Structures are given as structure tokens and as C-alpha cells.
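Residue numbers (my numbering), protein chains in the order written: chain A, 2 to 305; chain B, 2 to 305.
Quick caveat, the hints were computed from the structure, so don't treat them as lab data.
One thing to keep in mind: the hints can contain errors.
One copy or two, either will do: identical chains are not told apart, so a pair holds if it fits within one copy or between any two.
[Unchecked claim] Computed cross-link-like contacts, BS3-like style, restricted to lysine-lysine with a CA-CA straight-line distance of at most 30 Å:
(1) 142 x 58
(2) 142 x 198
(3) 102 x 277
(4) 198 x 182
(5) 178 x 58
(6) 142 x 302
(7) 219 x 102
(8) 51 x 182
(9) 182 x 192
(10) 192 x 219
(11) 102 x 182
(12) 192 x 58
These numbers were taken from a predicted model, which means no experiment stands behind them.
The chain contents come next:
2 protein chains.
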Amino acid sequence: MSSSQIRHILDLSPKERTRLVDSFDCVICDCDGVLWTVFDPIPGVGEALKTLQTHGKTLRYITNNSVRTFDHYAAQFRTLGITLTPSDIIHPALAIVRHLKSIHFEGLIFCLATQPFKNVLINAGFELTEGPDQPLEESFKKIIATVHDRAPVRAVVIDVDFNINYPKLLRAELYLKNDPKCLLIAGATDKVLHARKDFNLIGPGHFLDVLEQSTGRKATVLGKPGKELANLVGDIFGIEDRGRVLFVGDMLEQDMVFASRCGFHKMLVLSGGASKDDMLQERDVERVPDYYADRLEDLTKLFE
Amino acid sequence: MSSSQIRHILDLSPKERTRLVDSFDCVICDCDGVLWTVFDPIPGVGEALKTLQTHGKTLRYITNNSVRTFDHYAAQFRTLGITLTPSDIIHPALAIVRHLKSIHFEGLIFCLATQPFKNVLINAGFELTEGPDQPLEESFKKIIATVHDRAPVRAVVIDVDFNINYPKLLRAELYLKNDPKCLLIAGATDKVLHARKDFNLIGPGHFLDVLEQSTGRKATVLGKPGKELANLVGDIFGIEDRGRVLFVGDMLEQDMVFASRCGFHKMLVLSGGASKDDMLQERDVERVPDYYADRLEDLTKLFE
Chain A
2 MSSSQIRHIL DLSPKERTRL VDSFDCVICD CDGVLWTVFD PIPGVGEALK TLQTHGKTLR
62 YITNNSVRTF DHYAAQFRTL GITLTPSDII HPALAIVRHL KSIHFEGLIF CLATQPFKNV
122 LINAGFELTE GPDQPLEESF KKIIATVHDR APVRAVVIDV DFNINYPKLL RAELYLKNDP
182 KCLLIAGATD KVLHARKDFN LIGPGHFLDV LEQSTGRKAT VLGKPGKELA NLVGDIFGIE
242 DRGRVLFVGD MLEQDMVFAS RCGFHKMLVL SGGASKDDML QERDVERVPD YYADRLEDLT
302 KLFE
Chain B
2 MSSSQIRHIL DLSPKERTRL VDSFDCVICD CDGVLWTVFD PIPGVGEALK TLQTHGKTLR
62 YITNNSVRTF DHYAAQFRTL GITLTPSDII HPALAIVRHL KSIHFEGLIF CLATQPFKNV
122 LINAGFELTE GPDQPLEESF KKIIATVHDR APVRAVVIDV DFNINYPKLL RAELYLKNDP
182 KCLLIAGATD KVLHARKDFN LIGPGHFLDV LEQSTGRKAT VLGKPGKELA NLVGDIFGIE
242 DRGRVLFVGD MLEQDMVFAS RCGFHKMLVL SGGASKDDML QERDVERVPD YYADRLEDLT
302 KLFE
């Protein structure tokens, strides 16, 4: 589909609305930008989710944000009137644990991520090493001597790390270069973090780029739009028919590409990081949604 | 010239040797990788420099390394038997001071660099703001609130910063996005730092890339191979005829491209970051040297 043919769901005819509503049994929503933003609530979200449930649609969530703990997510969903259970939501830390267990991974992990992310790995039984967090003396020679510690690291895991710094990147680079078998695994690879309207900031994907360029490696990506996550998701959520899933997201790269890779129907909402102009200018078919809406709330009008 | 035609200077005939030696009055050397490496001295360098002086060649130095102070450089050159004066050497911090003075810059500078670099700017009378150096609480909202300080910053300067971190990059991004007139000025833009043979590490240029990508700006580059430095260098060193300069460096990008942009003769030495294979595989004419040698010492054999 070319981007000029994308229909706003409220421009659909009554017949098309019915056809769309009947085309999916399960709605998978991204969270940031769809359910809420960093700074603002998005209107009508709680009601929209409840309407979908009332009409027999299964709800699931996939976010690239592992910074919140499950308890935080559960509390946030409670404000929307939704009871969240652990099996309803995937974020990169959970997907990485699942992946590591599936490959029977053993050994030390060097982890560039936030503490909530690290806790998910620790609670799953993995052993982590991390840092340095404090500034080091300004000597290239001494910094190399510090970070080149030859610890028996068997995987470098990189996600959002609000305090990522040059010594940590150098340390990751050295583990990866010293041991061709050391894995490189990424969670969120967003190049842009959307904070509020017209306010996008440097995302964690840039730092993965630095590591990939300096080591010549390609990461296994277990956040959206990672192919490895797309392979896992049906299994995690017990999805039998990917053609009966509607994926709702606010980002062209993370959400639409991911949904394309999964074989889901894909709907873009304009309540987050992507504008209507971004969507209309997009030429990459993987990044182009099947439908769009201003916000999740619009979807409920199809049931009226 | 295609890379397969590049001659090793010791393969030149006696007549060609004489012609090469007579073609330049001034030798400009890169430092790291040509005069010394991070870990090892390079043999024969002191003698080579003295031979060049004895034969009436003027010596000058251009390095991308502003991490050493002038006193450190002077001490390092003394071990080679060379007396260095401040006007003999350019590094990015000095070139940036010169540039800022030439444009009559006034105002606050946000500086991502090492302390020796910052001291050059401070000693030239500029006012800097810097940091945060310490890790911040892991909340995107709080980090934005901290770094989005709306200080009246009129230039972001980025060079090697061994403790560069995400909050500093975010802070730079916000100054640049909030004020279209805020300048973006870069020193060293090396993507690779060469430590020793077959041991290359992440260079500072990656972080400039992140800023350029996230802000849509292009930096004024006052380290090698910056066009802006190439414009300034003749003036700084009082060079009357760029065609009478031999530039000696160890990096294809920083040194050969820079020398191409300056209109210098260019010689690659294999004592640093680039290997003979790198050179032979190179197809970009700006990155291909006119001659090559194993090390600076080889040049003295042309005078025998």
C-alpha cells in the first residue's frame, strides 16, 4: 500500500468498519505514545481498552520501555481501569530473559541498561557485571587498563541506559572483540525518544550503532522492531493466527516495521512520536500502516 | 592516482628521490602514530626530525589530540631532541580558539571535552559550562528537567571526552534545538582511536554523529580532516605555497583527506592506524597518499 492510500479509521464506511472490527480477535498495543506519553495522559484510553474487552477482543501490550518495573506498569494500567497480569506484557528485558533461557545461556553478562532492566535479568538467575558509572581519570591508557578487565563475559546486553558513557562502551567493545563467541544482544534500539509533541530526543539505538560499527557485529534485537522478537512474539502470547491480530503503535520504525515483520494488521495512532506528515512521506512499505487514527479512542467508535 | 600506483619512498630511483626531496620546504607531521603511539615509541623519529631540519626543512605539527597540554607536548618533543615552540603545533582546541576569535564570538560555551582542552578555551578568555559528570537518577523526565536548563549557551563544542555520557549529549542536543543560532563546533572527529597494532577503539567522532543526526546540524570541524581547519592552516602556519608542503600522517581519513583538502603532498606512514592493506584497498582519491613509508625514519634515507 502506498502511504497516500492509508485510511483514517473514522473515514471508513459502515461496511468497512464492520469488516475491520471482525478482522481481529486480539489487539496488541504499544504503551508510550499510545496509552500515555512521558508528560501527558492520552484522553479516552481507559474507555477504549474497556470497550475492546467488552467486545471480546483480547488485549496484549508490547513496549520497548523496560525502565518501568512490572509493579509500575500494573499501577499505571490500574489508573486506566485495567488489571494487568505478567503474561499480558512484553518488554525487552523479559524478551531477553526468554531468549537467553531458550539458548540455555550460561555465563557472565555485561549489561548497559537501567536498574529495573537489570533486576529482571538478575531475578531470572543471570549474573551481571556493569559500570563504570563514575567518571574516570582523563587518560586513554588508564581508561583502557580499567575497562580491559578480561572478565569472562559471554554476552553484552544493551538497552536504554540513561547514564551510558564512553568507558562502558569501550568495555563492551573489548569483550566483543576479545571473544568472537561473546553475544551482542539489544533491547530498545529506538534512535528517537518521543517526550511530547515536537519534542524528540536522542534514543538508545545510537549507542548500539556505535558498538556495531566498532566491532563489526550485528546484534540480536529483542525489542521492537527486532526480527528475533518478531519470531518469539507468537509463542510468548500464544497467538495462533497472526492474521487475526491488530497492532496499534505510534512509531513508524518500532511499531509498524515490527507489526509488518509479525504479519499483524497495523494501525498508527498520531498521539505519539509520528506525525501525519511523517506517515504520508513514508515510502518504505514495512513502515506504512494499514490504517491510522488520531488516538486509540477512535477505535471504539467502530463499535458504535 | 589509484592506490596500486602508490610508491614506497624507498623504491624511488635516485633521481626520483632527489625530485621528491626538492619538492617541499616544509614537513607537517601528525603526532600520534607518526612520532609515537599510545603505548610504544616509534624508532628513529628524533633522528629523522633532526635530519629534516639539518637539510633546511621547516617542521610543523598538526594533531587531533588536544588531551595533552602544550607543556606535555614540549616535554615529549624534548625526548626526541626537538625544541617545540607554541607556534609549531596546532591541535583542535587551539584551532577552535582561533576560529572563535576570528568570528568575534561572545557568550557561553557548552563544552564536551577533556580538562586540558577546556583549559585552552578558558585561558583564551572564553566562559564554559560543562557536565553533568555524575550519574543521574534513572528517570527520563528528571534527566530532561536537569539538562534542559535553558542556560544562554551560544556554542556547543565537542572533542574527545573520555567521560562523555548520555545526559551531556542530551544537554547539547537541547541547546542546539532551542537556539538555531547556537553554533556546533567539533575538534577531533576520529571514528577510530588507534592504540597499538591491530588495536583500534571507539573514537569521538561517533558522538558528533549522534548530535548531528539528532539535531540535523552539520558541525564546523576544526580538527583534521575538517574543511574549516584546512582553510585556516595556511594562515596559522604562514604557509605561502601549499604545493611546497609534505604532510606525513598515519590515518587515511584524518591525515590523507586533510592533506588533500589543503593541497599538500601527502605521505602515509604505516607506523600507526592504517595498514598497507587499508591503503591498497582504498578507492577514494582524497584518502589515497602520494607516497608511503614504513615509518618517518625512511624519509631520512632520501637524504643519504
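Subject >> Violated constraints from the hint list, given by number and in increasing order >> reply: Hints 1, 3, 5, 6, 8, 12 not satisfied by this model.
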